[in-house]
Amino acid sequence: MTPTCETYISPMNAEALREACRKIKHVALDMDGTIYMGSNLFPFTHDFLKLLRDNGIGYSFLTNNPTRSIKDYLAKLQKMGVEASEENMYTTAVATIDYLKANMPEARRLFVVGTPSMKAEFERAGFELTRPSADDMPDALVVAFDTTLEYERLCHASWLAAEGLPYIATNPDRVCPTNLSTILVDCGSLCACIEHATGRTPDIVIGKPNPDMLSGIRFRHGLQPDEIAMCGDRIYTDVAMANNAGALGVLVLSGETTLDTALNSDPQPPITAKNIMEFGKLLIDSKK
Numbered sequence: 000m001t002p003t004c005e006t007y008i009s010p011m012n013a014e015a016l017r018e019a020c021r022k023i024k025h026v027a028l029d030m031d032g033t034i035y036m037g038s039n040l041f042p043f044t045h046d047f048l049k050l051l052r053d054n055g056i057g058y059s060f061l062t063n064n065p066t067r068s069i070k071d072y073l074a075k076l077q078k079m080g081v082e083a084s085e086e087n088m089y090t091t092a093v094a095t096i097d098y099l100k101a102n103m104p105e106a107r108r109l110f111v112v113g114t115p116s117m118k119a120e121f122e123r124a125g126f127e128l129t130r131p132s133a134d135d136m137p138d139a140l141v142v143a144f145d146t147t148l149e150y151e152r153l154c155h156a157s158w159l160a161a162e163g164l165p166y167i168a169t170n171p172d173r174v175c176p177t178n179l180s181t182i183l184v185d186c187g188s189l190c191a192c193i194e195h196a197t198g199r200t201p202d203i204v205i206g207k208p209n210p211d212m213l214s215g216i217r218f219r220h221g222l223q224p225d226e227i228a229m230c231g232d233r234i235y236t237d238v239a240m241a242n243n244a245g246a247l248g249v250l251v252l253s254g255e256t257t258l259d260t261a262l263n264s265d266p267q268p269p270i271t272a273k274n275i276m277e278f279g280k281l282l283i284d285s286k287k
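So in numbering that gives the first Met the number 0, spot 35 of the sequence shown is number 34, and the numbers just go up one at a time.
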């Protein structure tokens, strides 16, 4: 029999669960598979966000999907009727830019495997993007989820990796959630392709589960790690990042992960909820 989850489950006892939820002042939300699927906003998203606002709980949107710029994501959310500002958004493209500026200030020329929207974000940040040519050598290689991928660029990225250039991946996701009848091959799978061709893995993977993805929220709002809940549809990125950062990890079953996978995970997510609205009800009940 297929297991079902009508509301939520947790390996914590009732009092520990209530105490963990009572501390939460801010909810970090994954996007694909959590608040929407593809171009379709989940019917519970508006009610969930209103529930948070009405109870004085802040929220931000974090995504491992760097294919769109912050401006593009805000436009997409606005089209869906979701109000958000730049301060509400943090993508792995922005996180990668922040990482390069902080840790590799000498790297100004990049070869980027990514969408035009993402590459434009790097150019706006002051980076020069190189061509797929041995005569146009970059300072570093950046590989991302690229829905416009060209074979020539993948081959050149593999060659740069084999040459030993600094190699950064924006996120580890194998696939991107979608409501279409297809599989969207994500950054982790592209990196696996490069590894199979060259034996080289990225020097660093920026996105979730890297806990630095939550640091911007912490410092921006003056929060402690256990005052943040990270909600997402993946154990190996969203919940793992929460665990790594000391935040409360909440797995939702509206995207990639099934309940059977959650139940067989070791350790199990602190909270597994049918969707964000069921977690929202739990969160508010804990504060009464």
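What the hints contain is simulated information worked out from the structure, not anything from laboratory work.
Incorrect hints may have been included.
To be verified - With a Cα cut of at most 25 Å, we get these calculated DSS-like pairs of lysine-lysine:
1) K286 / K273
2) K287 / K70
3) K280 / K100
4) K49 / K70
5) K100 / K286
6) K24 / K49
7) K22 / K273
8) K78 / K287
9) K287 / K24
10) K75 / K49
11) K287 / K75
12) K100 / K287
13) K287 / K49
14) K286 / K24
15) K70 / K100
16) K49 / K78
17) K100 / K78
18) K24 / K273
19) K273 / K287
20) K273 / K70
As the list claims (entries may be wrong) - Computed beta-carbon distance windows for the label pairs:
21) S285 / N39: 21 to 31 Å
22) P266 / K24: 34 to 44 Å
23) M79 / D134: 20 to 30 Å
24) K100 / G221: 14 to 24 Å
25) D284 / D202: 22 to 32 Å
26) K287 / A191: 25 to 35 Å
27) R123 / T147: 11 to 21 Å
We put the CB at the ideal spot given by N, CA and C, even for glycine.
Hint check: K49 vs K78, CA-CA at most 25 Å. Holds or violated? With Cα atoms ~17 Å apart, K49 and K78 stay inside 25 Å; holds.
Between the alpha carbons of K287 and K75, is the straight-line distance 25 Å or under? violated (35 Å)
Given the hint that K280 pairs with K100, does the C-alpha gap stay at or below 25 Å? violated (40 Å)
Pairwise hint evaluation, K49 against K287, where the allowed Cα distance is 25 Å at most: Holds - the C-alpha atoms of K49 and K287 are around 18 Å apart, at most 25 Å.
D202 and D284 - C-beta distance against the hinted 22 to 32 Å: violated (44 Å)
Pairwise hint evaluation, K287 against K273, where the allowed Cα distance is 25 Å at most: With Cα atoms ~22 Å apart, K273 and K287 stay inside 25 Å; holds.
Straight-line alpha-carbon gap K24 to K273, limit 25 Å: holds (21 Å)
Does K49 sit within 25 Å of K75, going by the straight-line distance between their CA atoms? With Cα atoms ~19 Å apart, K75 and K49 stay inside 25 Å; holds.
Taking 25 Å as the top limit, are the C-alpha atoms of K286 and K24 close enough? Holds, at roughly 11 Å.
CA of K49 to CA of K70, is that 25 Å or under? holds (23 Å)
Given the range 14 to 24 Å, decide if the beta-carbon distance of K100 to G221 lies inside it. holds (23 Å)
Is K70 close enough to K100, meaning Cα to Cα at most 25 Å? holds (21 Å)
Violated hints, in rising order: 2, 3, 5, 8, 11, 12, 17, 20, 22, 23, 25 and 26; the structure is consistent with all others.
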